[in-house]
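A.B. asks: Below are the chains, spelled out letter by letter.
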Amino acid sequence: AQRVTQPEKLLSVFKGAPVELKCNYSYSGSPELFWYVQYSRQRLQLLLRHISRESIKGFTADLNKGETSFHLKKPFAQEEDSAMYYCALIKSGTYKYIFGTGTRLKVLA
Amino acid sequence: EAEVAQSPRYKITEKSQAVAFWCDPISGHATLYWYRQILGQGPELLVQFQDESVVDDSQLPKDRFSAERLKGVDSTLKIQPAELGDSAMYLCASSRGLAENTGELFFGEGSRLTVL
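Here the protein sequences line up with chains A and B, keeping their order.
The first sequence begins at 1 in our numbering and counts up one residue at a time.
The second sequence begins at 1 in our numbering and counts up one residue at a time.
Do not take every clue at face value.
Pairs of lysine-lysine residues, derived as BS3-like cross-links and limited to a Cα-Cα distance of at most 27 Å, are as follows [said to hold, decoys possible]: (1) B:Lys-78 / B:Lys-11; (2) A:Lys-65 / A:Lys-9; (3) A:Lys-96 / B:Lys-71; (4) B:Lys-78 / A:Lys-96; (5) B:Lys-11 / A:Lys-91; (6) A:Lys-15 / A:Lys-65; (7) A:Lys-91 / A:Lys-15; (8) A:Lys-15 / A:Lys-96; (9) A:Lys-22 / A:Lys-57; (10) B:Lys-62 / A:Lys-96; (11) B:Lys-11 / B:Lys-62; (12) A:Lys-65 / A:Lys-91.
FYI, nobody ran anything at the bench for these hints, they're computed from the structure.
All chains should be built: construct the whole structure from the sequences, respecting the hints.
C.D. replies: Okay, here's the thing in structure tokens:
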């Protein structure tokens with residue numbers, strides 16, 4: 001069965017420290033993977049997608065098919081990065097999204 | 001900037017009562033989704049529409065939940081009768097049509113349901 005796993009419910013780091021939010025998936029085909037973010041009092045929104053190979057707000061994520069992972073990384077965390085982060089996978093051809101349980105990132109001053 | 005609209009933002013109801021949620025997607029978005037998010041979990045798909053047609057409702061508890069998108073624009077999600085376990089955030093999202101989808105979902109603010 002397709003599944004997205006985010007092992008950490010809460011991740012606390014100090015401002016300026018590197019951050020890595022883990023995401024592992026199980027999927028039998030070629031997945032499309034995304035990171036969505038929800039800042040306090042805002043709606044859930046797309047942060048980045050693996051096919052774009054882009055850096056958004058300093059965040060990057062590399063799809064590792066061997067390890068079935070799509071970890072989100074940022075070299076220097078900022079306080080404004082504090083939010084809830086969800087990893088998501090699309091079942092190809094259907095655009096049915098499967099979300100992980102989310103990781104709350106707290107960046108401490 | 002166009003946004004997905006949902007109402008009501010909050011709903012408190014007693015079990016066995018009926019409740020309805022409304023969603024207006026971004027204009028021109030052919031695909032509409034209803035998700036349920038229980039506290040501490042990620043969004044789970046209830047139903048997906050492509051225009052007015054249901055694409056996927058495999059996770060919709062059809063004995064009590066119903067969803068419609070009659071004109072392929074706005075949508076209503078109904079629960080009848082509500083149960084205690086239905087307490088959750090109900091999120092609506094929309095995206096461009098399947099043929100031109102970039103994969104990005106646009107979410108509404110959600111409707112938080114509390115069943116007493």
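A.B. asks: All hints, please: hold or fail.
C.D. replies: We went through each hint and held it up to the structure:
| no. | hint | in the structure |
| --- | --- | --- |
| 1 | B:Lys-78 / B:Lys-11 | 12 Å, holds |
| 2 | A:Lys-65 / A:Lys-9 | 23 Å, holds |
| 3 | A:Lys-96 / B:Lys-71 | 22 Å, holds |
| 4 | B:Lys-78 / A:Lys-96 | 21 Å, holds |
| 5 | B:Lys-11 / A:Lys-91 | 32 Å, violated |
| 6 | A:Lys-15 / A:Lys-65 | 31 Å, violated |
| 7 | A:Lys-91 / A:Lys-15 | 36 Å, violated |
| 8 | A:Lys-15 / A:Lys-96 | 36 Å, violated |
| 9 | A:Lys-22 / A:Lys-57 | 18 Å, holds |
| 10 | B:Lys-62 / A:Lys-96 | 19 Å, holds |
| 11 | B:Lys-11 / B:Lys-62 | 21 Å, holds |
| 12 | A:Lys-65 / A:Lys-91 | 15 Å, holds |
Hints 5, 6, 7, 8, counting from the list given before, are not met by this structure.
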